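Participant: Protein chains in written order, with our numbering: chain A, 1 to 488; chain B, 1 to 97.
FYI, nobody ran anything at the bench for these hints, they're computed from the structure.
There's no promise every hint is true.
[To be verified] If you want the footprint, here are the derived chain A segments under chain B, 3+ residues with CB under 8 Å:
(1) 15-27
(2) 41-53
[Unchecked claim] Per label pair, the in silico range of CB-to-CB distance:
(3) B:Q16 with A:L284: 56 to 66 Å
(4) A:E21 with B:Q16: 37 to 47 Å
(5) A:P364 with B:R46: 41 to 51 Å
[Stated by the list, open to error] Facing chain A, according to a computed beta carbon distance under 10 Å, are these residues of chain B, among others:
(6) D15
(7) K20
(8) P31
(9) V33
(10) G54
(11) A70
(12) N78
Nothing here was measured: the structure is a model prediction, and the numbers come from that model.
Glycine is no exception: its CB is placed at the ideal position from the N, C-alpha and C atoms.
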Amino acid sequence: MSNATEAEYEVAHGRPKAFYENFERKDELQHQTHYCPGCGHGIVHKMLAQAIDELGIQNRTILISPVGCSVFAYYYFDVGNVQGAHGRAPAVATAVKRSQPQSIVIGYQGDGDLAAIGSAEILHAANRGENITVIFVNNAIYSMTGGQVAPTTLLGQRSTTTPNGRSAANEGYPLHVSELLATLEAPVYIERVGLGDNRQVAQAQHAVRRAVENQVRGLGFSLVEVLSPCPTIWKMSPVEAQHWVREVMEKTFPLGAFRDRTKDAPAKAAPPAAPALEDISRILGVADEGAVEEIDAEAKGAVDLQVRVAGFGGQGVLLLGEVLAEAGLHAGLQVSWLPSYGPEMRSGTSNCHVRLAREPIDSPLVVHPDVLVAMNEPSLHKFCASVPPGGWILYNGETVPAECERKDLHILARPFTHVADELGDGRAGNMVILGALLEATPILPQASVDAALGQLVKNPRWLALDERALARGRELLRESLQGVCHDG
Amino acid sequence: MTDAGKRDRGLLRVDQDECKGCGLCIEACPPHVIQMMERLNHYGYRTAVYAGAGCTGCGICFMVCPEPGAITVLRLTNRPAGRFDSEAEGAKRCAGN
Ligand SMILES: Cc1ncc(C[n+]2csc(CCOP(=O)(O)OP(=O)(O)O)c2C)c(N)n1
Ligand code: SF4
Ligand code: SF4
Ligand code: SF4
Numbered sequence: 001m002s003n004a005t006e007a008e009y010e011v012a013h014g015r016p017k018a019f020y021e022n023f024e025r026k027d028e029l030q031h032q033t034h035y036c037p038g039c040g041h042g043i044v045h046k047m048l049a050q051a052i053d054e055l056g057i058q059n060r061t062i063l064i065s066p067v068g069c070s071v072f073a074y075y076y077f078d079v080g081n082v083q084g085a086h087g088r089a090p091a092v093a094t095a096v097k098r099s100q101p102q103s104i105v106i107g108y109q110g111d112g113d114l115a116a117i118g119s120a121e122i123l124h125a126a127n128r129g130e131n132i133t134v135i136f137v138n139n140a141i142y143s144m145t146g147g148q149v150a151p152t153t154l155l156g157q158r159s160t161t162t163p164n165g166r167s168a169a170n171e172g173y174p175l176h177v178s179e180l181l182a183t184l185e186a187p188v189y190i191e192r193v194g195l196g197d198n199r200q201v202a203q204a205q206h207a208v209r210r211a212v213e214n215q216v217r218g219l220g221f222s223l224v225e226v227l228s229p230c231p232t233i234w235k236m237s238p239v240e241a242q243h244w245v246r247e248v249m250e251k252t253f254p255l256g257a258f259r260d261r262t263k264d265a266p267a268k269a270a271p272p273a274a275p276a277l278e279d280i281s282r283i284l285g286v287a288d289e290g291a292v293e294e295i296d297a298e299a300k301g302a303v304d305l306q307v308r309v310a311g312f313g314g315q316g317v318l319l320l321g322e323v324l325a326e327a328g329l330h331a332g333l334q335v336s337w338l339p340s341y342g343p344e345m346r347s348g349t350s351n352c353h354v355r356l357a358r359e360p361i362d363s364p365l366v367v368h369p370d371v372l373v374a375m376n377e378p379s380l381h382k383f384c385a386s387v388p389p390g391g392w393i394l395y396n397g398e399t400v401p402a403e404c405e406r407k408d409l410h411i412l413a414r415p416f417t418h419v420a421d422e423l424g425d426g427r428a429g430n431m432v433i434l435g436a437l438l439e440a441t442p443i444l445p446q447a448s449v450d451a452a453l454g455q456l457v458k459n460p461r462w463l464a465l466d467e468r469a470l471a472r473g474r475e476l477l478r479e480s481l482q483g484v485c486h487d488g
Numbered sequence: 001m002t003d004a005g006k007r008d009r010g011l012l013r014v015d016q017d018e019c020k021g022c023g024l025c026i027e028a029c030p031p032h033v034i035q036m037m038e039r040l041n042h043y044g045y046r047t048a049v050y051a052g053a054g055c056t057g058c059g060i061c062f063m064v065c066p067e068p069g070a071i072t073v074l075r076l077t078n079r080p081a082g083r084f085d086s087e088a089e090g091a092k093r094c095a096g097n
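Please take these sequences and the hints and turn them into a complete structure.
Facilitator: What follows is the structure, encoded as structure tokens:
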């Protein structure tokens, strides 16, 4: 065809602009996708890109890519991109949409991603009526991993994990995601389309566009399920796979709109924008990072204090650790506080890991504590061997059991609960121990401890008691240094 | 030639480097004016190619093609050549068709 003739024609259907000019995933063939010949993902990508072009939303679209064959969608779409963990696209999309309400957030998921590992995320995002668009590519199999059964695999369909064909008795029935989600109140638009022939493709293109447009109009949750060929795993030619969508797959998954309130749904008011970063500490009521107390000049050296506090639930184990960590924060240190307790809500054992350091903390786990606070004997037994030589054990008891005796570290064993009892309430035993701990490891200025306590203990009567308890704990430790402790 | 009546309404371009030879466009084309080339392209695929006449410009081959830009469908403008500012202008006018 001569140029003179071609000049009488103009492009009516060409490469959508929402695609990158070059796909930089690999060095050559930068205009080609990684999809197999005849793959439905490529077709759906094109529909989506076309819809983005037509709606003029490229510069405010954020695509959430899944795990699966379409994991690389972010290499193709020239929009904002986030790649989510397997099945989590709806949760990621929720976060993105809520924090950037003006953006158009499109979750793209396969059937393994959406209907298996991610079934909870999609259900709740739909149920909350998130104003997002979900493109659900159902090819009835886990393709990327080589063809294992999916929740959407047809009865009788062979896969590497159902070599004799899926049976309802063993793997259950194919999951009808669109029908299931259409039982919920909130969704605005749910339609299943197919890529089985020209008519279906035209309808699919229409539905994809509508699902995106609904979001632009602020209507709410829209999902399009696309029955999509996977010639490679189905072991068919692309044309056979297309026919299989129409002639076989569609029998299990009928096409059609299961929910359509596009016409009458009112536009939702955009949720209030997320607060500015600098306002967050005020909203949460935590001390502003700028207002930290300068730590004692003499204590300016390296700090890396690792504490393990253990006892029974109800002994104030977690609060002890929290006051310590909060005081560290106030003193401008890096801190971590990691509670760890069993499934029991009451009683049961409870312990926490606390670290205070000048340098950023690599892990909040404390395996070898410099200070072990054992609020009872079982805790002492459990952890006494974990304290390295030169460390401290603060034990809430009169005498250390023989198995836990160690000559290579400092042990202070006192009935701290009784001491607190004498002060007014045995429950302040944790603060007596904390007083001893602060005295044994002179890192934190008293002002930081006071500030932390004031922040965490709101009741004035308790605050006063805790302050007395702290002071008493410091005294006990000082007294002990005059002879009682075992020094390595 | 300014007489548009004798021209096909549509015109097909296939990017021989991008086409993966899946054949979906061939299956989809209502007037059957797309064929598969006998020889392989640089990457070892047989690729689709326009038969040279009969395209109506319907665009269905474009939609069924999984590759972003393997297919471009053009339409006759009904105006003499040389009157168009740009391809993009033309694409905009035709998008609603
Ligand atoms: C947490 C986690 N579990 C399992 C996998 C392995 N995995 C990768 S893709 C995939 C299934 C993909 O199937 P589907 O969502 O249907 O996408 P398709 O490849 O068919 O497009 C699985 C199980 C993973 N990557 N991450
Ligand atoms: S394996 Fe199937 S889903 Fe994956 S790229 Fe190939 S055809 Fe597409
Ligand atoms: S635009 Fe229509 S008629 Fe022309 S080649 Fe494509 S499918 Fe065939
Ligand atoms: S549909 Fe696209 S990739 Fe497949 S043969 Fe036609 S032009 Fe090539």
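Participant: Does each hint fit the structure? Answer for all of them.
Facilitator: Here's how the hints hold up against the structure:
no. : hint                          : in the structure
1   : 15-27                         : holds (count 3)
2   : 41-53                         : holds (count 7)
3   : B:Q16 with A:L284: 56 to 66 Å : holds (60 Å)
4   : A:E21 with B:Q16: 37 to 47 Å  : violated (19 Å)
5   : A:P364 with B:R46: 41 to 51 Å : violated (59 Å)
6   : D15                           : holds (8 Å)
7   : K20                           : holds (4 Å)
8   : P31                           : violated (13 Å)
9   : V33                           : violated (13 Å)
10  : G54                           : violated (13 Å)
11  : A70                           : holds (8 Å)
12  : N78                           : holds (9 Å)
In this structure, the earlier hints numbered 4, 5, 8, 9, 10 are contradicted, and the remaining ones agree with it.
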